[in-house]
Amino acid sequence: MTTTTLPNRTRVLILLVAVVLLGAVGTGAVLWASDRSAERDRPQAGGPVVTRGEVTLKDPAARQLVFRNMAWGPHRDEVVTVPAGHPDGPRTSSGVQCLRFYAAAGTGICLRADRGALQDTYRAVVLDDHLRELRSFPAAGIPTRSRVSPSGHLAAWTVFVSGDSYAGTDFSTRTSIVDVRDWNLRENLEEFDVVKDGKPYRAPDINVWGVTFADDNTFYATVATGGQTHLVRGDLAARTLTTLHQNVECPSLSPDGTRIAYKKRVPGASADAPWRLYVLDLATMTETATAEQRSIDDQAVWSDDRTLLYAMPGDFGADLWTVPADGSGAAGRLLEAAVAPAYLG
Amino acid sequence: MYVADSRSSKAPVAPAETRPGRREAADGPGDGPGTVDGSTGDGRRTVARAAVPGTVVALGVVSLVTDVSSEMVSAVLPLYLLTGLGLSPLGFGLLDGIQNGFSAVVRLLGGHLADRRGRDGASRHKAVAAVGYGLSALCKPLLLLAHTVPLIGAVIAVDRTGKGLRTAPRDAMISLATEPAHRGRAFGVHRAMDTAGALLGPLTAFLVLRLAGGPMLADGGQQQGYHAVFAVSGCVAVLGVLVLLLFVPNRLDGAEPSSGAEPSSGAEPSSGAAASDARPRLRDGLALLRIPGLRRLTVCAVLLGLTTVSDSFLYLLVQRRLGLSVEYFPLLPLGTAGAFLLLAVPLGALADRIGRRRLFLAGHGVLLLAYGLLLSPLDGPAAVVCVLLLHGSFYAATDGVLAAAAADTVPAERRGAGLALVGTGQALARFACSLAFGALWSAVGGTTALTWSALALAGCVTGAAFVLRGPAAAPVAAPGESAPTTDDSEVPS
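Line order of the protein sequences matches chains A and B.
Okay, so the first sequence: first residue is 1 according to our numbering, each after it adds one.
Okay, so the second sequence: first residue is 1 according to our numbering, each after it adds one.
By construction, these hints were calculated from the structure, which means they are not laboratory data.
You may find that some hints are simply not true.
One-sided and incomplete, this derived list gives chain A residues near chain B with beta-carbon spacing under 7 Å [what the hints assert, rightly or not]:
| no. | residue |
| --- | --- |
| 1 | 33 |
| 2 | 37 |
| 3 | 268 |
| 4 | 272 |
All residues carry an ideal CB built from backbone N, CA and C; glycine is no exception.
Okay, chain A solo, but in the shape it has when bound:
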């Protein structure tokens, strides 16, 4: 390394040449990426037909499936509906963009990103039955889960708060619940009292995510602490979370309220794909593995008391798949290029 013995002019010249070369490489990388990104605004051949139309969340004429459309083209990322009986039919777009969406009884919850000058910000938006904004709440990070109670009175959402350079790359979650009747917001469920194995429990590393509602006061969710996940039953009035079962993530309560579909971390699976889709019977606490053999990273939805619907990675981000809840049968793809489904009616 004798570079510093070079004359000043030579050194500056070398630096300038390097700046130009490196700048060209960097610019090239950005332009290439920009070009590839632009492709997503054009519809792909053979993709689903999406047209702008009327979408209502309450009492549709026939049962519908509502979800975020992932297909390329002008309606990408918009909330669309298809008839539940013809899921691969033409999609009707509401024109409302959401990253995550859920709806029940005429109330919608839409987790949305707003482009800022320097950074995206996120909001949880409560929508009425015509997808009009009723109220919105700032969210601290990347949206991941959303649910509405069967009555349509409560909405819950979970976001990832990513650590930044000063706090490490660890993630934590923030889960909030709002009552849409009086807009009473429980901003952070971590502040609820945790009762673990019958005793009060506290820890700095508590994370809560994946709320699923039983009624307007009782809900289920995942609490993680000390490297272990727990299914908890939450009581909104008492502000408590009570652990019921271990190794449960992203619970989803069946319509009859007797079972929980969830992600279970299975031993021996790779770090990239550690989960399988399981069903837990709440009365007996028996676990049943579903026929879905792949790793799942979604909060499943019950199509009815026997069938589960969930997203799996696909060519355009995600596809929706179904599998029987009792462990029988096989998983099958319901529709392409879709995520965050909910049934209407």
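With the hints as your guide, set chain B onto chain A.
Same frame as chain A, now just chain B:
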């Protein structure tokens, strides 16, 4: 002999901390080795301006550019893993404490390797630093290829190793390039530039993501935007390495007589022998602790590190106790970094004036104030701003200042290893503290845990003040350049 052997033409300079009333030293030509711009101190202002040698500015630029590069990646990596690769963030821990501990130990190795002399008799600070910066630069393009958690974890581990390797030689070069009387300011300038890079990095990353056209939350399996960020980050990192190779002199201690003059006669003979060995052995690193000044400083840094609550816990407490809305949570580190950036230079200069160890202690006093404010019934935005301001001041008053204080105590030929020792001691102590604090939080709750930490910190500040008490340094000139800070009592008359 230690005075007689000194080639320094100026009177032996006592670090200002010993004589608060003394003028800022350095009358006459500053012939400190490696003082690139050959500072001549006429008036006070000239001295002040000349106090930052070109080498320090060059190293500052290297750190700034490298931090832009690495913070670009840090800022988008979680998003990339989550949305680009579809990995659930709670399924992995890429950077756990063990890796941080590993990085701290690598720092010892970096300091040791840097002090070993090559055939030309010069130490290899620059070479080791270049390897460290180079390793990290290499990691950025590797991120384009690594698509699984173990591979990405491995790339990040290599990146951390590079960071560990370069820290001690870089700080050693800063100290060697600067006149002892101005080291506080020099480290302040370096830390300010470093922090500026850390603040600019995320902005650059988001700008690249914007220009690349994709939405930031590209959970359609779109990775192009992130690939552009990694590519640009790699280019920026290469630029940093180039600036280091081109503008940082190879030899910063060339002007010094090679050892023989173990500066601190308080040190044991064996340590003197170790220091005079042209190729110091790794185990001699611990023998450096026989130098009283360094030992005291290390003990204090460890003691205080044991009671320094980690940033993430502090921010969690800020949010919980001061009633901060969740949306502002990601902004908290920016507040600390902003205060650090603004105050690093003035506080570094203040350290030169009133004493580095004194300011180091005072900085922990400021941290104690932050804890106190957190524990007080005050809340609201004003309280949050005050806590962050105090937290940033704490870093500005301790981070570079500790390195400057440590440099005062270690002879030039063991500077890298000496600085690494103090830095590693502090880092491991903070790591231990965060484990203990987490356990304490579980046992008694966050607020009580903070109360205990505050009491422990108060105790440690008092203890450290006791350890570091007294007339710190006799005017003992290190060979050619430094006045090691040892107690009067340790120096035979």
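Here is how each hint holds up against the structure:
1. 33: Constraint on residue 33 (chain A) satisfied, holds at 4 Å.
2. 37: Given a least distance of 4 Å, the restraint on residue 37 (chain A) holds.
3. 268: violated (15 Å)
4. 272: Holds: closest Cβ of chain B sits about 5 Å from residue 272 (chain A), inside 7 Å.
Violated hints amount to a single one, hint 3; each of the other numbered hints is respected by the structure.
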